[in-house]
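So the sequence lines, in the order shown, correspond to chains A and B.
FYI, the numbering for the first sequence is -17 to 217, going by the numbering used here.
FYI, the numbering for the second sequence is 4 to 396, going by the numbering used here.
There may be inaccurate statements among the hints.
Quick list of the computed label-pair ranges, beta carbon to beta carbon [unchecked claim]:
| # | chain 1 | residue 1 | chain 2 | residue 2 | range |
| --- | --- | --- | --- | --- | --- |
| 1 | B | Ile273 | A | Pro105 | 40 to 48 Å |
| 2 | A | Asn130 | B | Gly385 | 30 to 38 Å |
| 3 | B | Ile366 | A | Leu10 | 52 to 60 Å |
| 4 | A | Asn0 | B | Ser302 | 40 to 48 Å |
| 5 | B | Ile290 | A | Asn130 | 53 to 61 Å |
| 6 | A | Gly124 | B | Glu10 | 31 to 39 Å |
| 7 | B | Ile366 | A | Ser53 | 56 to 64 Å |
| 8 | A | Gln73 | B | Ser302 | 26 to 34 Å |
Simulated from the structure, these hints should not be mistaken for lab results.
Where a beta carbon is used, it is the ideal one built from N, C-alpha and C, also for glycine.
Take a look at the letters that make up each chain.
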Amino acid sequence: MKNSELVSTGLPVIDIQNLDYYFGSGYLKKQILFNINLKINAGEIVIMTGPSGSGKTTLLTLVGGLRSVQSGSLKVLGKDLSKASLKQLTQSRISNGYIFQSHGLHGSLTAVQNVRMGLEVHPRIPASEMMLRSRQILEAVGLGDRVNYYPDNLSGGQKQRVAIARALVSDPKIVLADEPTAALDKQSGRDVVELMQKLAKEHNSTILLVTHDHRILDIADRIIYMEDGHLSAGR
Amino acid sequence: MRGLIEEIQRRTPLGWLQLSHHRGRLLVAISGIAFADVLMFMQLGFQNALYDSNTRLNRAMIGDIVLISPQSKNMQNMSTFSRRRLLQAEDVPGVKSAKAMYVGLVAWKNPQTQRKTSVQALGFSPEQSLLNVPAIKNQLDTIKLPDYFLFDRGARGEYKQMFAKIDQGKIISTEIEKRTIHVGGLFKLGASFGADGILVSSDENFLRIFPRRQAGSVNLGLISVESGYEISQVAAALKSRLGKNEDVKILTFPEYIKFEEAYWKKESPIGFIFSLGVAMGFVVGVIIVYQVLSTDVNSHLKEYATFKAMGYNNMYLLGVIFEEAIILATLGFVPGFIIPMGLYQMAKNATNLPIYMTLSRAIFVLTLTLIMCMISGAIATGKLQSADPADMF
């Protein structure tokens, strides 16, 4: 299903209903998420904010297929992840782009090789096309002259831009980002989110972004607020 | 096939990039594997040299069928049987000749250092050489002289000056059992694990240095078969004729070589010791490669977790580890193959043992190296489980 189809049918890209989540078991069992209901439409940029420990990241990892759903329903791109096997969960991750607080770049790979890893996971893209697209997106994030640099030789902002390029190179339908600006100074943080916003609009991607950083809230189409595992609309 | 090539082109050679990015670590890994390979090559080389050197004398014997005493264990531990059996053997159709050879270990005084060392003495009727060594065939006249012997140029020990003197035509005299003997010439056969060198002479000279031995008790019977007769049939005929006496064992020439080899392989602890040495080299290799691979996995856990979050499955990461294992095995094998060649040469010069590289051994060690790296890789993959993508956020 393409994004445009989702828009036309009015189906949300992410559809969460009555989702609960627990950590631990037995006496140590602790509820993290309480009755979460959330719909995100194609092309939307949603920022989730709230104090630390409130369950934002847990929700993000559930949407990303990094954790298994325990109770409730979670549909991503029309697929019900609450019924997915571990193998299907791994498969579902391919259609997402991830941006982490720490860039997660591979130190033994150059910038362009790192970006290429974002394409290699998709089957049947020819090698030449992978290289071309990786170079193009590095140009787009302003690192056209740094393609063969190793992460150690890039600044924090540059590394995060490579990570964004890696997340977006495969035109993912959903981009999941966790505190992408936490390790950056004000200006590079601003640059990074504006870049995300621009590229997401171009590729018609949906963004779910978790942040504490109030300086970047203005790029959101919608802000949601998480507190103690309960979700509410933004203040 | 084309699909496969495309897949390979598509795939980032992550294992190689990881290894080559950390040059120091790679170098340590390669030297570790090379060390294990050198250990294995040396052990196998010595083991093979043992078998080769201990059958070298047996292989030099001239004969189609060999008679020995059933009590004989190996060349250095020969019992005797009655010379009458040889005369009886000559009556069997197809037997051209049956010659006696006397074998014994004796302590002689090294003419150069004046120290006593143990050498192997052989004696046979000097009408005709029973050893397929040209230098002996040419010097049969020398050993017809009383107390004249020929000595092994390949003997282990300090003989250089003595060899030089003999090469100048001089005759060297020394002592065996308080009897003066003369070394009138040299031949080349080589030392074995059992004996440092070989003395060859006539049966009469042999019996002079072994005063307690009798001419009627021989150690080896070498039988030549007349042309036109099947060796196996003549051997069968000999068995039916002599076998009932149970004091003599009849072996074809290849069986005789196997008999000697089997002793060193099974009865002596040396074969076991060298196999144990190979096993230790192997274990050392497994430990070194495991250390390198697990350090590598540990230092890349975060990156691997990221790849998992991106949708790469466990199989992909296992593939990376095994790619590294194969690369390490191959790179480590190169110095691990070259260094032993030099060491073989050194060991050959020092011990006069026939140590040399063989293709089959190289393939065997390469296979062991690959298995070694695979086992280490398999153990190291256990660490992958701790790369949890949910921890990345």
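Exercise for the section: Run the structure past the numbered hints and jot down the numbers of the failing ones, going up. Expected result: The structure breaks hints 1, 5; every other hint is satisfied.
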